[in-house]
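There are 2 protein chains.
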Amino acid sequence: MEQNLPDTVALLRRTPAVLNALLRDLPEAWTLRQEGEGTWSPFDVVGHLIYCERTDWMVRAKLVLQCGETRPFDRFDRWGHVRESQGKSLGQLLDEFARVRAENLDELRALNLRPEDLARRGLHPALGSVTLSELLAAWTVHDLTHLHQIARVMAHQYREAVGGWGKFLGVLNCAGHGAP
Amino acid sequence: MEQNLPDTVALLRRTPAVLNALLRDLPEAWTLRQEGEGTWSPFDVVGHLIYCERTDWMVRAKLVLQCGETRPFDRFDRWGHVRESQGKSLGQLLDEFARVRAENLDELRALNLRPEDLARRGLHPALGSVTLSELLAAWTVHDLTHLHQIARVMAHQYREAVGGWGKFLGVLNCAGHGAP
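Protein chains in written order, with my numbering: chain R, 1 to 180; chain D, 1001 to 1180.
Derived by calculation from the structure, the hints in this document are not laboratory data. Since the structure is predicted, the reported quantities are computational estimates derived from the model, not experimental observations. A few of these clues could be false.
To give an idea of the chain R side of the interface with chain D (calculated C-beta under 10 Å), a few residues [unchecked claim]: (1) Gln-3; (2) Pro-6; (3) Arg-14; (4) Pro-27; (5) Ala-151; (6) Asn-173.
We put the CB at the ideal spot given by N, CA and C, even for glycine.
Could you put together the complete structure from these sequences and hints?
Here you go:
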């Protein structure tokens, strides 16, 4: 099953508001704690999402349309957000994410993609040949991966507090820790 | 680590707005599809959350305070929401969830719980002796379990559409399917 562009955009458009409703002005016990050394807090995840908007999805989409498979995508820096998030508040990051996401969706709409564009191929440095349709679907599922991650990181803070209920609560038994 | 009541309430208060931002008026391709037979769509999950507000968390909290361990909690019906959700729109369910959650949090505040109340014990039909503090923490993590589940169910709809990216996207590799 292919992605459906209106469904994809409908979801991508919502993510900033979802993260805003969940995280803005929430106690730092939820937003700044992570799952252990080398893992991310919800604050880190929002920084990563901004960094992806700037360097990943739309940059790569335009490269597919301009260069096809003749030039591979630049490699993505998983820790690229750290320096850019430093000294900022979570509220600032949420504002920034909403702004860059809206700009990218404006740019996506302006491309007026036709079905034949969605079938065009680019070159991923690790995955090899990929289609623009797959890239747009991955952008969407990447949002969901990080929403899923934020829920898991927050739940982790109450891992002991729930006592015996832990075995009934799926989020405490999640193994879906992918490289984002 | 125990739950912290203000942190718990801060999170419980947000969940209706989070689900509203994510799901209201989203295409049905995202909200009505599930992960396979006998699993839940995001629509079903919102129905379940309403049913829990009506029959589970605050009902049990009051039972702890009134009866302690002398009377076990009623068993929870995992499919209890199905009949009550029938014929309703997702928008109606989201409104209903916001209303019952707000009522329950008003009631929780009115209890003016002191630390010694949080240590009081009740009797769970499967888990045995549990504290009120554990129950309130589990209420919170239950919200996160279902946010985590909704993200996973939605991502599942694009499982094939993402092509090779699937292995990088943690939400597609989640094993955190608990009994809710």
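Structure-based check of all given hints:
1. Gln-3: holds, 4 Å
2. Pro-6: holds, 7 Å
3. Arg-14: holds, 6 Å
4. Pro-27: It holds, given that the least Cβ distance between R:Pro-27 and chain D is near 5 Å, below 10 Å.
5. Ala-151: Holds - the Cβ of R:Ala-151 comes within 10 Å of chain D, reaching about 4 Å at its closest.
6. Asn-173: Result: holds, 5 Å to nearest chain D Cβ.
Violated hints: none; the structure is consistent with every hint.
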